[in-house]
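K.L.:
Letter by letter, the chains look like this.
Number of protein chains: 2
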Amino acid sequence: MTPAESSSMIFTLFNEIGIINQLSTSRFAKVLAPDLNPSEFGVLNHFIRVRDRSSPSRLAKAFQMTKPSMTAILAKLERKGYVEIVGSAEDRRKKIVSITKNGREARQRGVDAMAPLAEILMAGQDVEALAKILPTLQALREFLDAERNAVDGLS
Amino acid sequence: MTPAESSSMIFTLFNEIGIINQLSTSRFAKVLAPDLNPSEFGVLNHFIRVRDRSSPSRLAKAFQMTKPSMTAILAKLERKGYVEIVGSAEDRRKKIVSITKNGREARQRGVDAMAPLAEILMAGQDVEALAKILPTLQALREFLDAERNAVDGLS
DNA sequence: TTATATTAGTTAGATAACTAACTATAATGG
DNA sequence: CCATTATAGTTAGTTATCTAACTAATATAA
Chain A
216 MTPAESSSMI FTLFNEIGII NQLSTSRFAK VLAPDLNPSE FGVLNHFIRV
266 RDRSSPSRLA KAFQMTKPSM TAILAKLERK GYVEIVGSAE DRRKKIVSIT
316 KNGREARQRG VDAMAPLAEI LMAGQDVEAL AKILPTLQAL REFLDAERNA
366 VDGLS
Chain B
216 MTPAESSSMI FTLFNEIGII NQLSTSRFAK VLAPDLNPSE FGVLNHFIRV
266 RDRSSPSRLA KAFQMTKPSM TAILAKLERK GYVEIVGSAE DRRKKIVSIT
316 KNGREARQRG VDAMAPLAEI LMAGQDVEAL AKILPTLQAL REFLDAERNA
366 VDGLS
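Quick mapping for you: the protein sequence lines, in order, are chains A and B.
The numbering used here applies: residue 216 is where the first sequence begins, and numbers increase by one.
The numbering used here applies: residue 216 is where the second sequence begins, and numbers increase by one.
It should be emphasised that the hints constitute simulated quantities derived from the structure, not laboratory data.
A couple of the hints might just be wrong.
Since the list gives no way to pick out one identical chain from another, each pair is judged satisfied if it fits inside one copy or across any two copies.
Heads up, simulated BS3-like pairs for lysine-lysine below, C-alpha to C-alpha not over 27 Å straight-line [stated by the list, open to error]:
1) 245 - 310
2) 309 - 291
3) 316 - 347
4) 347 - 295
5) 276 - 245
6) 309 - 245
7) 282 - 347
8) 282 - 245
9) 291 - 347
These numbers were taken from a predicted model, which means no experiment stands behind them.
Could you build the full structure based on these sequences and the hints that come with them?
P.N.:
In structure tokens, the structure reads:
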């Protein structure tokens, strides 16, 4: 590839990724609604799959999201009774967020609702091929993330 | 892979794609600002690379976007003098949108501003690997798009 | 030990996307 | 033909994100 071809390929790649993201997110949103939106589901899922308690800041970082956005998501989840938020005794700036029983159930309903989408994909797409591209995407994501921190001045 | 593993892999994949999209879009936005946002640039770029005149509906479809969103983007581009919008004589429901000289220049400034991003990627990532995953992503995008049309009732 | 800087979280306001509902025009079929 | 349906585009209102600016608490260092 010439540099010009590489450059063009890279923009095509990001364009495809953008469209896939939009199509997949809107499909997820449809099956999760009206109980949860994809961001809310993501947070509940995080409590099950990654760690069962966290802080708003830590969650914001995990989801590559700003703190105010996470504040808003957590407020909605708390209103629905899906997470519990308490102040930390050790560091009184911090809050400790954890999933509730109702939250676990909502997350399970979400998983069940999304399962057919995975099945459709497994039926219509070469899943092995998708698995193969995953490491490259992960490397790209890590690179962009590191790049961003470098540019933003090591936040 | 077991079905459960496939399912989990698929969600991981969409998650990575979502994060990449967010990181790359915000990088693009930074270098394009304050003249254009990525959507506006995309439309101008479309006039250069795909077709030099189009209609709001057609553009909305090309960008997988709703008509009202495209109306808003075109209104901003018209205010900036980057596109011209005239009514069609043949079909008076339709409008014909085309890029202006100023629009071409703005698009070129955008291309120039984004070029360093491509270079950073070429320096830090295996571009051949990125090129290799592109066909799989395109197949996935086409499948999701076809799926969506099927679900929405062949709109 | 006290002034300064950093970290955690929230509030306020802006923006760009969406859906629902509308007007206007064109195409279709009894 | 005329009534119905479909298409093109806009308007109005909602939502989820963002940035900037703020308060409160902790850490650092002169």
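K.L.:
None of the hints should be skipped; say for each whether it holds.
P.N.:
For each hint, the structure was consulted:
Taking the shortest Cα distances, residue 245 and residue 310 never come within 27 Å of each other, neither inside one copy (31 Å) nor across copies (32 Å). When the C-alpha separation of residue 309 and residue 291 is checked against a cutoff of 27 Å, the pair qualifies only within one copy, where the shortest distance is 19 Å, while the shortest distance between copies is 42 Å. When the C-alpha separation of residue 316 and residue 347 is checked against a cutoff of 27 Å, the pair qualifies neither within a copy, at 36 Å, nor between copies, at 44 Å. In this assembly of identical chains, the alpha carbons of residue 347 and residue 295 never lie at most 27 Å apart, being 39 Å within a copy and 44 Å across copies at closest.
Both within a single protomer and between protomers do residue 276 and residue 245 lie at most 27 Å apart by alpha-carbon distance, with minima of 26 Å and 20 Å respectively. For a Cα distance limit of 27 Å, the shortest separation of residue 309 from residue 245 qualifies neither inside one copy, at 34 Å, nor across copies, at 31 Å. For the homomeric pair residue 282 and residue 347, neither the shortest alpha-carbon distance inside one copy (33 Å) nor that between copies (36 Å) is at most 27 Å. Proximity of residue 282 and residue 245 under a CA criterion of 27 Å is satisfied in both settings, with 26 Å inside one chain copy and 20 Å between copies.
In this assembly of identical chains, the alpha carbons of residue 291 and residue 347 never lie at most 27 Å apart, being 37 Å within a copy and 41 Å across copies at closest.
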